[in-house]
Amino acid sequence: DAMVIQNPRYQVTQFGKPVTLSCSQTLNHNVMYWYQQKSSQAPKLLFHYYDKDFNNEADTPDNFQSRRPNTSFCFLDIRSPGLGDAAMYLCATSREMATIPLAGGQETQYFGPGTRLLVL
Amino acid sequence: AQSVAQPEDQVNVAEGNPLTVKCTYSVSGNPYLFWYVQYPNRGLQFLLKYITGDNLVKGSYGFEAEFNKSQTSFHLKKPSALVSDSALYFCAVRDSLNSGNTPLVFGKGTRLSVIA
Chain W
1 DAMVIQNPRY
11 QVTQFGKPVT
21 LSCSQTLNHN
31 VMYWYQQKSS
41 QAPKLLFHYY
51 DKDFNNEADT
61 PDNFQSRRPN
71 TSFCFLDIRS
81 PGLGDAAMYL
91 CATSREMATI
101 PLAGGQETQY
111 FGPGTRLLVL
Chain B
1 AQSVAQPEDQ
11 VNVAEGNPLT
21 VKCTYSVSGN
31 PYLFWYVQYP
41 NRGLQFLLKY
51 ITGDNLVKGS
61 YGFEAEFNKS
71 QTSFHLKKPS
81 ALVSDSALYF
91 CAVRDSLNSG
101 NTPLVFGKGT
111 RLSVIA
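Those protein sequences? They're chains W and B, same order as listed.
FYI, in this note's numbering the residues of the first sequence are 1 to 120.
FYI, in this note's numbering the residues of the second sequence are 1 to 116.
Derived from the structure by calculation, the hints contain no laboratory data.
One thing to keep in mind: the hints can contain errors.
[As the list claims (entries may be wrong)] One-sided and incomplete, this derived list gives chain W residues near chain B with beta-carbon spacing under 8 Å:
| id | residue |
| --- | --- |
| 1 | 38 |
| 2 | 40 |
| 3 | 41 |
| 4 | 42 |
| 5 | 48 |
| 6 | 90 |
| 7 | 110 |
| 8 | 112 |
| 9 | 113 |
| 10 | 114 |
[Said to hold, decoys possible] With the C-beta cut set under 8 Å, the calculated list includes, among others, these residues of chain B facing chain W:
| id | residue |
| --- | --- |
| 11 | 42 |
| 12 | 43 |
| 13 | 111 |
[Said to hold, decoys possible] In silico lysine to any residue, SDA-like type, Cα no more than 20 Å apart, as pairs:
| id | chain 1 | residue 1 | chain 2 | residue 2 |
| --- | --- | --- | --- | --- |
| 14 | W | 44 | B | 87 |
| 15 | W | 44 | W | 22 |
| 16 | B | 108 | B | 85 |
| 17 | W | 44 | B | 45 |
| 18 | B | 108 | W | 46 |
| 19 | B | 22 | B | 49 |
| 20 | B | 58 | W | 106 |
| 21 | W | 44 | B | 111 |
| 22 | W | 44 | W | 86 |
| 23 | W | 44 | B | 95 |
| 24 | B | 108 | B | 39 |
| 25 | W | 38 | B | 10 |
| 26 | W | 44 | B | 26 |
| 27 | W | 52 | W | 77 |
| 28 | B | 108 | W | 108 |
| 29 | B | 108 | W | 57 |
| 30 | W | 38 | B | 8 |
| 31 | W | 44 | B | 46 |
Beta carbons: idealized from backbone N, C-alpha and C, even for Gly.
Hey, can you work out the whole structure from these sequences and the hints?
Below, the structure written as structure tokens:
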């Protein structure tokens with residue numbers, strides 16, 4: 001019954017070697033989010049897609065990119081991982097309806113289990 | 001601008017005792033408030049939310065939270081703590097004045113330890 005699926009659960013990469021994390025959802029939600037979470041800290045939003053519209057947070061490094069080829073899938077690409085990019089990466093979705101923009105704020109975000117990235 | 005504060009990094013409680021995890025918020029309009037729980041090496045699990053209506057909101061696993069507009073608080077509570085409740089708890093908020101797809105703003109988290 002998994003609703004938000006992240007693969008792999010653990011990813012090891014080398015310093016500077018590009019890596020892609022994947023997220024898929026069975027909820028048919030409009031919005032998909034990527035968060036970075038370092039140890040015992042709050043999740044930090046990197047970017048989100050509202051349907052096909054990409055919204056980057058102002059302080060997200062250029063090293064982080066995202067793709068959303070269809071409603072169900074969203075990818076996080078780290079072009080040149082550094083040691084400081086080791087973290088848990090969380091994908092989330094929410095339903096938000098474009099026709100009721102303020103009501104969309106009530107929608108719950110549903111999170112995947114996360115991918116823990118280790119950079120050697 | 002919206003913000004949320006969790007004033008306690010750590011809360012310790014004995015099993016069977018009531019627990020409270022504190023959260024205060026700041027918004028321009030009306031708040032939409034959420035609580036999530038995170039177990040080790042897992043994603044965030046939704047517990048409950050307040051949108052409108054009854055100030056006492058009941059959620060998963062016996063948790064509840066009370067919305068207090070005058071104190072701008074949304075504290076998470078449980079009458080009788082279990083060891084299995086030990087986890088990291090996050091409070092989050094959205095401002096009703098923002099557009100619907102504005103992401104949640106999370107607090108820094110409170111680690112709850114329930115001691116047998």
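These are the hints, each one checked on the structure:
no.	hint	verdict
1	38	violated, 11 Å
2	40	holds, 7 Å
3	41	holds, 7 Å
4	42	holds, 4 Å
5	48	holds, 6 Å
6	90	holds, 5 Å
7	110	holds, 7 Å
8	112	holds, 5 Å
9	113	holds, 5 Å
10	114	holds, 5 Å
11	42	holds, 6 Å
12	43	holds, 4 Å
13	111	holds, 7 Å
14	W:44 with B:87	holds, 19 Å
15	W:44 with W:22	holds, 18 Å
16	B:108 with B:85	holds, 18 Å
17	W:44 with B:45	holds, 16 Å
18	B:108 with W:46	holds, 16 Å
19	B:22 with B:49	holds, 15 Å
20	B:58 with W:106	holds, 16 Å
21	W:44 with B:111	holds, 18 Å
22	W:44 with W:86	holds, 13 Å
23	W:44 with B:95	holds, 18 Å
24	B:108 with B:39	holds, 15 Å
25	W:38 with B:10	holds, 17 Å
26	W:44 with B:26	holds, 19 Å
27	W:52 with W:77	holds, 17 Å
28	B:108 with W:108	holds, 19 Å
29	B:108 with W:57	holds, 18 Å
30	W:38 with B:8	holds, 18 Å
31	W:44 with B:46	holds, 17 Å
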